[in-house]
Every structure is written in structure tokens, then in C-alpha cells.
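Novice: If you want the building blocks of each chain, they are given just below.
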Amino acid sequence: MIDAPLLQLRGVTKRFLGVTALDGVDFAVRAGEIHALLGENGAGKSTLIKVLTGVYLADGGVLTLAGRPLHPASPKDAEQAGISTVYQEVNLIPALSVAENIALGRQPTKFGLIDWRAIRRHAREALARLEIDCDVNAELGSLSVALQQMVAIARALDLRAKLLVLDEPTASLDEKEVAELFKVMRRLRAEGMGVVFVTHFLDQVYAVSDRITVLRNGQLVGEFATAELPRLALVGKMLGREVKDEAGRTAAAPEGTGNPVTAPLLEARGLTRSGAIQPINLTLRRGEVTGLAGLLGSGRTETARLLFGIDAADAGEIHFKGARVEFGSPRDAVQLGLAFCSEDRKTEGIMPNLSVRENLIFALQAKRGAWRTLSRAEQGKLCDHYIAVLRIKTPDADTPIKNLSGGNQQKVLLARWLATQPELIILDEPTRGIDIGAKAEIEQLIAGLRADGLAVLLISSEIEEIVRNCTRVLVLRERRLAGEVPAAELTPERLMRMMAEAHA
Amino acid sequence: MKPGARRGGRNLSLVVTAVIAVTLFGLASFFYEGFFSPRVAVNLLGDNAFLGIAAVGMTLVIFAGGIDLSVGAVVGFTSIFTATLVSGHGVHPALAWTLALILGAALGAGMGALIQVFRLPAFLITLAGMFLARGAGFWLNTESVAIAHPWYEALANFDLALGPVHLSATALLLLAVVVIGWGIGHHLRFGRTLLALGGSEQSALLMGLPVGPTKIAVYALNGACAALAGIVATLYTGSGNPSMGGGLELDAIAIVVMGGTLLAGGRGHVLGTLLGVFIFGTIQQGILFDGRLSSSWMRIVVGALLLAFILLQRALVRRR
Amino acid sequence: MKAFAKSSLGWLCAGLALLVVYNVWHHPDFIKITLHDGHLYGVPVDIFTQGSRTMLLALGMTLVIATGGVDLSVGSVVAIAGAVCALLLNAGHGLVVTITAALGVGALAGVVNGVLVARLALQPIVATLILMVAGRGIAQLICDGQVIVIANRKFDFLANGFIAGIPVAPLLVAGLFLATNVFVRRTAAGLFVEAVGDNETASRFAGLAAARVKGLAYVFCGACAGLAGVLWAANIRAADANRAGENAELDAIFAVVVGGTALTGGRFSILGSFLGALLIQTLATTMYFRGVPPAVAPVPKALVIILVSLLQSEKVRHWAAGLGRSRKAAA
Amino acid sequence: LPGRAAETKKPLKVGFAQTGAESDWRTANSESMKSEAAKRGVDFKFSDGQGKQENQIRAVRSFIAQGVDVILLSPLVETGWEPVLREAKKAKIPVILSDRSIQTSDDSLYVTFVGSDFYEEGRMAADWLGKFTGGKGNIVELQGTPGSAPANERRKSFGDALKKYPGLTIIDSQSGNFEMSGGKQVMEAFLKKHGRNFSIVYAHNDSMAHGAVQAIEEAGLKPGKDITIVCIDALRPAVQAVVDGKINCVVECNPLFGPVVFDTAAKILAGEKVPKKILNKDELIDATNAAKLLPTRKY
Ligand SMILES: Nc1ncnc2c1ncn2[C@@H]1O[C@H](COP(=O)(O)OP(=O)(O)OP(=O)(O)O)[C@@H](O)[C@H]1O
Ligand SMILES: Nc1ncnc2c1ncn2[C@@H]1O[C@H](COP(=O)(O)OP(=O)(O)OP(=O)(O)O)[C@@H](O)[C@H]1O
Ligand SMILES: [Mg+2]
Ligand SMILES: [Mg+2]
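Chains as they are written, first to last, in our numbering: chain A, 75 to 578; chain B, 16 to 335; chain C, -17 to 313; chain D, -2 to 296.
None of these hints come from the bench; they were simulated from the model. Note that the Cβ used here is the ideal one computed from N, Cα and C, for glycine as well. A few of these clues could be false.
To be verified - Quick list of in silico lysine-lysine cross-link-like pairs, DSS-like style, CA-CA up to 25 angstroms:
hint, chain 1, residue 1, chain 2, residue 2
1, D, Lys219, C, Lys136
2, A, Lys476, C, Lys14
3, A, Lys150, C, Lys297
4, C, Lys14, D, Lys160
Claimed, not checked - Here are the simulated distance ranges between beta carbons:
hint, chain 1, residue 1, chain 2, residue 2, range
5, B, Ala128, A, Phe256, 42 to 48 angstroms
6, A, Asp207, B, Ala176, 50 to 56 angstroms
7, C, Leu289, D, Pro272, 54 to 60 angstroms
8, D, His191, C, Leu289, 53 to 59 angstroms
9, B, Ala128, A, Gly349, 57 to 63 angstroms
10, C, His18, A, Arg450, 43 to 49 angstroms
11, C, His18, D, Lys36, 50 to 56 angstroms
12, C, Ala(-4), D, Ile167, 55 to 61 angstroms
13, B, Trp166, D, Lys161, 40 to 46 angstroms
Just chain A, same shape as in the assembly (with noise of 0.2 angstroms):
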């Protein structure tokens, strides 16, 4: 019974323009398991959903689910056999609410028209379900990303569906929300459902999957029982060469402790905005990489925004370098010297319709104003490097930035801050939807940074990644400065507890 796949992929190859994202790939889920679909940024995870789905029409292969083919020309059609999907950006309607979101397309009606009320109770139980409280009348667009993933991850669950496909929905979430996804995920392999899990986070892998579909430049490199496949072994399959240790434990930790202390380059003072975050004061250091820990919507983001000048403050003052400062706008945050990669790559940080090179050294550009412009030979330069560096899969400097999985869109953006050579860097979830190789790069990269005397904000939702990282943490709660942490004492544990004191 187990055995019967219920969904069945036969050399399936979509090409695109100058790229084969899928090379005659065989994928199979049984009903009543998790199955994990891994690989690199790039590899090809999000193309093979989306031609599940039906939003990709694919150049060659077969599909079935439960035995009979399948041919979805649009994901209306995979929804009606049976597929639900979330995902990997964040594909809601901002403006709408999220009981609205949560019953698009398929509301509740009374007399033919729709019934309000049970669509905001519905939506109430879905987020129940998943011990998610929000406003349910909330405009989506006004949710973190964190959040907002959440209710997509609910609407997908909403519909009784015979297939779950989930295309990284934890990169954004913290420990408690994947704890939460992972009880309901075994609750419905339980009830017989197939589950495809896209992550790069290989401990969930070990945590939820029964089986891993490996995928490697749009190849299947096979697959394999979670339980018969060792961790090297797996980031060996997916990196396509032997390695020694986990490639994600490479980053030597930081010898934090015996810095001497420095002048603070930035420093805020009671810093304070009405609905973000109470007055808090925090300094960074060159050659400090301070750590900012929270919970979901503890404030995290909002104080970046503050110290980037996107958000006015209502109260508090900034010291950069000794003087007082106004940041009136990023751009003026980014001609003293600083920069901000955002959370939410998709409408904070991509030009979609840009090409990569133009992504890339837009930051710079922007700083030396239009007259300076950096020549084609310049720009050359700059892409070819960072593309070597960060290891950025992309035809060429000249794709628009759209075409690239989301794994690579994030890294441009990384190479787009750094290649302005700020002397601060904030740093919010840069890790976020990246392979695990790129992610030990990325984590020596701001070792590196360090090391060259510049100070590094990182915001993340993984703790240990905070650990691995940071020389100090500071803990946001609640949307106040609930405490700091100096690296002698950085555990999980110790920052857990600090993150969840009110909780508990």
C-alpha cells in the first residue's frame, strides 16, 4: 500500500532560455510520507514544483497522481487534482485580508453570495490549527513575512488535498513556528497525505522526511530512505563531491571574546518608534558582529528600519562615528557608510526586470550619484567576482534577476551591498532560502568582513546560525531590549531562554 506511488514524475526536462533547469528527472512520493526534495540553490526544486503544478508547461515527461496522468495547465487545474502548494515567495494578496487569503477562490457562499462571516471563522480555526494568533481582519501586506508565510502555509493546508507541496516554508520561521508546521505535517502523513518538503536546513530534514529526492543542476542524483543516509553523505550527494565535515560547520566560531574593545562606530540612544519597538540603545563596534535575537515580530526588523532611516524614529538620536546623525533615508544611511539587506527579497530588494548586473552594482551606483558611473568594465569586474565568490548560478551577468531561483536572487543582493564596501552592514536574514554550501561561505564572508574592521548587524531566525556568528547578541522581546549576551556566554540555550522568558 505504502509502496504505490501517489505521485509519479518521468524524465521531466524544462528548459529555459539558455538554461536546462530540469534534465529528464524521475520523482516519486507515496502517500503517507514526508518527502524531502533537496539540492543546491539552483538545482532545480521550485522549477520541478511549478511544473507540478502547472505553472510551467513541461518540454518533455510524464506525470501521474493516484494512477491516473496528469496534465495541470495552470495551478487551478492541480488544485483540483488534488495538489496543494505553498509556494517558495510568498504568494499572497497583500492588500486583502488574511481570512481573505486563507479562502481565495474558494469562499463560502450563502444564497450564492459569500458568507463573511464563516470566512473569517474558518480562517480563525486554520490559524488555530497551527497556534498562530492574528488578527484575522488584518491587511496581509501589514504582516512580517514570518507571519505572512504562516497564513499561506495555512490557505495550503485549508484545502483537503492528497498532495502537500512545501516549498521552503521554513526560512523565514523560527523554531517554535517549525515545531508547530512539523506536528501538523506528521499529523497528515498520518492521515495518508504525500508531502514534498523543500528546506536547507538539514537537521528538519532529519526531523520530519521519511525519504530525500536529491537534485543537482537539474539532474536527479537519486533517491534514498532518510534514515539509510548519513548527513556527509547527503551533502556530499548534493554538493556532488566528498566532504569532510558538514560543509554548514566549516565557519570557524568567533574568538569574540578577546577583542579589544573599540570606539562604537554607531551608537543609538533610546532610539523609539510607537508600535515598533520601545526606546533601545545599542552600539556597534568594527570588528564586531552583534547578533540581534527575537521571536517572530519581537522588533527585530523594525529596528534595522530604524537605523537605516526607512522609519522615522519618534524619539532617540543616532551616533555614527562620533557625530550625531539624521537619516532622513536610506539614502542618506548609505552615503555615510552603511547597508541593509532586507528580509523580504521580493518587494524590498530585487528589480525584477533588471539584469543581475544591473542588480548588483545598483547600490554602488546609486551611492556614487549618476554622473560618477562605474563603466562596463567596472561592472564587469564586480559581477564576475561576486559571481565567483558567492558561487551565483546565472547564465550570464546579463539574465534578468527574475529568472534566478530564489537562492541566487538573495545572494546578488548580498554581493549588491557589499560591493559599496560599508563600513556597517545589517544583515536581516541573509541566510535565508540558501544552500547549505553557499551558507558556510556566506557565514565566512562575515567572518572576513569582520576580520577587515567592519561592523556587522545580523538579524536571524536561527539560533544557532547566531552562535556560529555572532560576539555578542543582544535579545529583542516583546519589542523591547530584553537583554545582551557577550560571547563567553552564547549557548542556544542561554538565548532561548532570554528570547522566551515571557512566555514561559
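With chain A held as given, fit chains B, C and D with the ligands onto it using these hints.
Specialist: For chains B, C and D with the ligands alone, coordinates are given in the frame of chain A:
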């Protein structure tokens, strides 16, 4: 996209618009003797009936992130088409109206199909639709044609008295269309799909919404609305005129936006459009009551009032 | 060459060529250019001369549309600038003062639009609709509702004169197109405009003064409209506040969109806008030549718009490519 | 009705629904009404219809709501006025049509029409041409805005009157939208398309004739000599052009209605009977009388 939960934003802007509308009417009543009368208030509906009907259709198209420049020309075409059939060929008005509505919807559907299937810019295609409809109208007749038919007489004399308020057939039709539009926009799946489409077409597609059919349908619906507006124009004037509705599309768009609907799509309210009609009418009525403005000053004052209104609305909604 | 055929501009050129061939078919003289009184004379010359105003408007409009906006007020700005010209020239001021003033007035209108759109974040159609309505009134106020005849014969030279036998207006416009193109492509200005149109938030977060870029686009557009107003007035040696520039905004937007710049903003093509404006003017001349009754003239215009749009549609080009391939396979 | 204004001791209240401000002729027309109203101390409500019939209907209805004593209407088109004029009749407000008349089966909807005889204008132009050219020649016509009443009327009346002169034929006709630049553009195209195959231009208004003059000059021809130009309206610049010999003949369409209209209104309110049609005396201006008339032109 600023964080910070925005709740009931839509209703707030609706309330603000309503408050401004009433204030504007109050101010005009204060300044101009005789302005504050049921007759003037009802004239606001009756005089703007066909503009309002076209604006309701436009609202739905704008919900979906589209635009339709052809409505004014369709009003003109329908008007002369109906008149030609009824007066020139002795066709019964009921049949003429049906044909006109079908033609309007067909033109809309055609434009929608071009926009959707070939991914052509709505602006260009509906501009072509505008030329097509205008040319077709003039081809039928370059001059206006009077309509003489008992139905028209009866409808022109129709008058629903509710106390001191006398509602004409066209005013009632406008109200009916607003109610139907409101029902479609806010209580049918179709309407919500429109908003989703306007919010993000790609997301709507990934969410499994019927993007293509919905888009074509909304243009067809708007075409029918424009045709209905043209029919109402013949009722209003008792004649058909191929140059009717020149520039009406811009007025309709302005009204939709005044009603608080986002031109980029995805956010708005049909009832806001009714308020927009009310505000638009009040400004015009106020200028008529004043009666001292020369042609040039009239334009300047209309522009200034428009600006003042939009800035006020914005300031109030922002403040909350 | 292949890249050109693939780009939408290639298809726009094909559409234009088709139109010209159709005309020549019926009127071989359509493309005849002769020397007449020492200057070029012929239909193509007229098309370029009469089209120069729309081209100029399209040039400014291109940048505005690329930032994701639109400027409906250009027609009214044309009228205002024309009125200002008449006022100053008839008061005895020189050409330099006059043209500077007209440009200044146009730029000022652009500043107003820019502030409304970029600083106050009004929706562009509505923000510029305000000046479209009020601007016409202002122009009428300046002219007192009359058509003011301009006596200065030197002024006339701008629109109807010739330099080395070549008409001045198209020369001027071509020069401006070139200069603008060089400016936006050689400096980062073009990149900034495209970035703002593609994703304004992202460009702002990356340290661009997005509002300033947007505002400047409107100022440029206003200045172009001001200059177009000068040409308009020079062309008829009079300022017609009531009618000058009427519906010109639609033509300009049409030219830009046909030229391959999307109304949603982002990538823009200055050459495309030029060709788009050329197409419009050729179309108008075609109507005169084919003797299409003016009342139904909009119909063929509509058909050409649809045809050209379809030619540019990726889907149709895909089909065409598919047909070509299958034919090659059959052969 | 008579003595109504006197009873209330209020100044006479008159509403004027103008078509718009599409040309200088129209502006002159509005101005004449306004200045006459000011002279007589009338409470004058002016409305600019911006070229839209619906705006004019709205204005008339508003005048009714405001309870004016007389309504003046320059109808943009001929039909479509019955419903609103019936309302005016119900409210017992006399309506005077100015400039253009309307088509209606019910003559009692308006009291009188004051204006020019369009039919006469076309005929005058045609007759003048017949005489001037000896009844021979090819004509190109510059039409006004398609669908507008003056364009329709001037085209029809001229065409009808030409039937008397079989030697005069219209070989081409395009719209210059009543605009100077439109007239110029169309003329340029005509010159290239027909070469010297025509010798007469008939323009529906002054502005297009001015545009045509420029196009002809730029083609190296002499307007008024090589090509005969006839147009309608006769504002000051056109009369000047006749004096200069660039335009051969203009048929006057006098915009200065104010005095007549207000005289008529006063008569109506005093209960006097007025004729159903009061026609302005329109003149024909050509080389013979232009110089004499020029100084008397106000517009
Ligand atoms: N629309 C497109 N046009 C052109 N190329 C594309 C398009 N979508 C994806 N690609 C390319 O296909 C390849 C696979 O992309 P895909 O998004 O499937 O990667 P992924 O495995 O999901 O990566 P990630 O982990 O970064 O999300 C990439 O090289 C990408 O550049
Ligand atoms: N539980 C919640 N209910 C409603 N809104 C929430 C909740 N949590 C967060 N938000 C919204 O999300 C926005 C983003 O929050 P913030 O930027 O502080 O999150 P964060 O700490 O950066 O977390 P993350 O980046 O992981 O989402 C907040 O302004 C808030 O409006
Ligand atoms: Mg992916
Ligand atoms: Mg965050």
C-alpha cells in the same frame, strides 16, 4: 509596505470620503441660496446617471488592475446605435437595448481577450477600442437623431415620488447598478478574484484563481455597463448622438479614484464610486450655482477643488 | 540583425514599413522627396515636421512612464507655453527670452506634477489630471480665450525653417532624442529611472533618492512639453489656448507604449518612442491620402494599433517563429 | 410671468448654457453676452459646457433649480433637448435659443431662436465662388470637428448650394478639427496628393483657413492668387487676411449676440410677442469691402 497592522483601511477611506462629500454639500448649501434642496440632491444622481454607471463598470476593471479607455466612445456608439434602430428602422427599444448591450459586452470581451491572450497592454487595446467605437458611431450617423417612441416618453415622464424627493428612471437605474456593482465587487467570488488579480496577478495565478476568464469577463461586463450608460444617455436626452460621452472615460476614472479606489488595482470600494459621483456632481453643481466663473476660471477652479479634495482625503486617511 | 528581429522594435519598424509600402502602392509620390526653393520638399518631410511635436512629447513621456507614472497634462502645458510665447514675443521680447520662458513654464508645470506624484504620492493619472484641467484654463486666461497671432517672423523659423535644406523642427527633435539617449545610457540616469519603475521600494532601500528621480522625470517631461508648445505656436505662428495640444497626451502615450515601454514602468526605449510617434504621424497622413472620411478615420487607426500591438506580442512572435521552423522542417 | 422680475425687486436672473470655449469665436460670443448682462445689471449665470451636451443639460436643469427668469441655450447638437426643455416649460421659465436651433416636434419648448442662418452662410460662400471663378474649379474642403453641428451644417449647406454650379466640384474633404494646425496639416497633404489639381479651398472656419494659407505659402504658392480661399466666421485676423489678399472671401458669422438676446429677453418678460426666429444679418466680406470693415471689427 510599512509594518504595523492596517485594519479596516478600506472602510476608513470610505468613511472619510463620505464625510468630505457631505461637508462639500454642506458648504455649497451654505454659500449658495437654494442649493440645499431635494431637487438639487436628486439632480446630482439624475444628471450623472450614465457617468455613474460607466464609473461602476470602470471600478471593477480598475479593481483588476486594468483600465478601459473605450467607455466614452461606447456610450456614444450605443446612443446613436439605439437611436438609429428605434427611429430609423422602427425597431422596438427593448430589442435595440438588448442588441446594444450585447454589442457592448462583445467589444469588451474582445478587448479583454486580446489583453489576456496576447498579453497586450490594456491601455493600447482599449484606446483602439475607443477609436473603433467612435468611428463606428460616426459611421452610423454623423448627426444626432431624435428618438420618438412611447416607451421613451413613458420613461422620460417616469417619476418615483418619495416624499419631497422625486427620482427619475435614470437615477433609479444608477442606484440599481451601484447596488449590483457592490454585490459583484464585494459579495461574489468573481469580485474578490478581481481584487486579487489587481493586487498581484502572478499570485492570483499561483493561488489557483481563474485569472484569464475573470479578466475577459470583467472587460465584457464593463463593456455592457458602458452600453447601459449609453442607453441611459438616450433616455436622458431622448435622442442619440454619436459624439456623446467624449472624454467620459477620464471623468469616470477620476470619479473612481476620488471614491478611494487605487488605480493600480487591488484595493477599492464600489460604494466609494457612488460617493465619487456625488462629489463630482456637487463640484459641478456648485460652479453652476455660482455662475460667475468664465470658461478659463472654471477649469482652474475645478482643478484646484480636485487637488484640495484629494489632498484632504489623503491627509485624513493617513492620520487615522 | 537577428537580435533586432527578435526585439519588439524590429516589429514596430516592420509595421511602419508596411504602412509606407501600402501608401506607395496607391500613391507612388508618397515617398518622393524633391528639392524645392533650395530645401527638401515632400510627404516624408511633412511627416517628420508635423510629427516633431508628438515626438518631443513622447520623449518626455517616455521617462515619466518608465518611472511607472504618466503625465496627462502635457497637452495643457503645450497650450500654456504657446500662450507665453505669444505674450512675450508680442511684447517685443527676443527669441532667447521667449524660449527660455516657455521651457521654464513647462519645467515649472513638471515641478508641480513631480511634487504631487513623488512627494505627496498621489496617483499619477489623477495628479496630472489636475493640471490637465486647470492648465487649459490658465492658458485661456493668458490669451483671454483668443487665438493670438505672433508677428515675429524669426520665431516661425523654428517650426517651418530649414537649415541646409533640412527642416529645423525635426533636426532639433532628433538632436534632443540623441542627446537624451546618450545622457540616460552613458550616465546612470537611465538605470535609476528603470529601477524606480521596476521596483520603487527596492531602489529606495538601495540608497537611491527615488522621489527625486521621479520628480525630475516629470520636470523633464514638462520642459519637453514646453518646447513642444513653442513648436506648436511657431508652426501656426499663433497661440491657440483653446485647442493647441488637445488630446496630444493620448498620442504621446500611444507612441511610448507602442515603442515598447510598458505603462507599468521599468525598461524604456527612447528610439521606440521616436518610431511610435513616427507611426502616428504616418497614420494621420495616410488618412488624408487615402481620403478616408474623417468621421470614420478612427476605425483604421484602431486596426493599425491592434495590428502593431499584435506584431509586438511575444505570443504572436512565438507562433510566427514556430511556423517558420515547421516550414523549414518541411523543406 | 410678465413683471415677475419687477415684483420681487430683484435683479433679473438669467442663465446661459454655452457650449464651451472651443474657439475664439465662441469666446467672443460668451464675452458679448457677459458684457451686455453686466451693462444691464442682470444677475448672469454663465455655464461652460466644455463641448458636452450632458453638461449643457445639467446646466439647464440647474438653472431651473435655481429659479432663473430666463434660460439662454446655445445647443451643441440639434436633438436631445426635449426632456430638459419640458422641465423648463413646467417650471414656466422661457427659453431662448442662441446661435443654433434644435429639432423638435414641440415648438412651444422654446420662445425664440436668435442666431445666424447657417444655410445662408453656405449659400453665400457658394454663390460668391460661383461668381468669382465663373463657376469652374476643383475644391478641397477643410471640415470642422467630425460630428459637431457647425461642421455638419457648413458642409451640407455648401454642398447643397454647389448643385447650382456643376463646374464646381469638391474633390477632397478632410477634417482639420477647426484648428489652425489641423488645417495646415491637411492642406500640406492635399498639396502633395493633388498637386495643382485644385484651385479652391473652402474652410469651415477662419482658423483652418489661416493654417491652409501657411501651408500654401510654404509650398511656394500664393494664397489668394494661385489658390482661392473661402471661409466662414470672419473674426478680425481673417478680415485682415482678406485685406492682405491672402484669403479671398469670408462669410461673417457674427458672434456678438448679447444686445439682441437681452433685448429679446426683456421683451419676453414684458409680455411682448417676439418672432420665433430672429436672424442676425451676416455679411460677406471680400476684397471689395474688407478694408472698410476692418476698423469696425471688435473681434
Ligand atoms: N523563469 C525562468 N526563466 C529562466 N530561467 C529560470 C526561470 N526560473 C528558473 N530558472 C533557472 O532554472 C534553474 C533552477 O531554478 P529553481 O528555481 O528551480 O532552483 P531551486 O532549486 O528552487 O533553487 P533555490 O534553492 O535557490 O530556490 C536556475 O538556474 C534558474 O536560474
Ligand atoms: N503576532 C503578531 N500578530 C500580528 N502582527 C504581527 C505579529 N507578529 C509580528 N507582526 C507584524 O509583523 C511586523 C514585523 O515585525 P518585526 O519586524 O518586529 O519582526 P521581526 O522581529 O523582524 O521578525 P521576523 O523578521 O522574523 O518576521 C510587525 O510590525 C507586526 O505588525
Ligand atoms: Mg527554489
Ligand atoms: Mg525580521
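Novice: For every hint, state whether the structure bears it out.
Specialist: These are the hints, each one checked on the structure:
The suggested pairing of lysine 219 of chain D with lysine 136 of chain C holds, with an alpha-carbon distance near 20 angstroms, which does not exceed 25 angstroms. Taking the CA atoms of lysine 476 of chain A and lysine 14 of chain C, the gap is about 48 angstroms. The hint is violated against a cut of 25 angstroms. The hinted pair formed by lysine 150 of chain A and lysine 297 of chain C meets the criterion: a straight-line CA distance of about 22 angstroms does not exceed 25 angstroms. A hinted pair counts as satisfied when its Cα atoms are at most 25 angstroms apart, and lysine 14 of chain C with lysine 160 of chain D does not qualify at roughly 36 angstroms.
For the pair alanine 128 of chain B and phenylalanine 256 of chain A, the beta carbons lie near 46 angstroms from each other, so the given range of 42 to 48 angstroms is met. Checked against the given bound of 50 to 56 angstroms, the beta carbons of aspartate 207 of chain A and alanine 176 of chain B, roughly 54 angstroms apart, stay inside it. Remark: the range hint 54 to 60 angstroms for leucine 289 of chain C to proline 272 of chain D is upheld by a beta-carbon distance near 56 angstroms. Taking 53 to 59 angstroms as the suggested C-beta distance range, the pair histidine 191 of chain D and leucine 289 of chain C does not conform, at roughly 28 angstroms.
In this structure, alanine 128 of chain B and glycine 349 of chain A break the distance hint of 57 to 63 angstroms, their C-beta atoms being roughly 47 angstroms apart. A beta carbon spacing of about 46 angstroms between histidine 18 of chain C and arginine 450 of chain A agrees with the range 43 to 49 angstroms that was offered as a hint. Between histidine 18 of chain C and lysine 36 of chain D the beta carbons are some 54 angstroms apart, a value that agrees with the proposed interval 50 to 56 angstroms. Evaluation of the 55 to 61 angstroms hint for alanine -4 of chain C and isoleucine 167 of chain D yields a failure: the beta carbon distance comes to about 37 angstroms.
In this structure the hint that tryptophan 166 of chain B and lysine 161 of chain D lie 40 to 46 angstroms apart at CB holds, the actual value being about 44 angstroms.
In terms of the numbered hints stated before, the structure departs from hints 2, 4, 8, 9 and 12, listed from lowest to highest.
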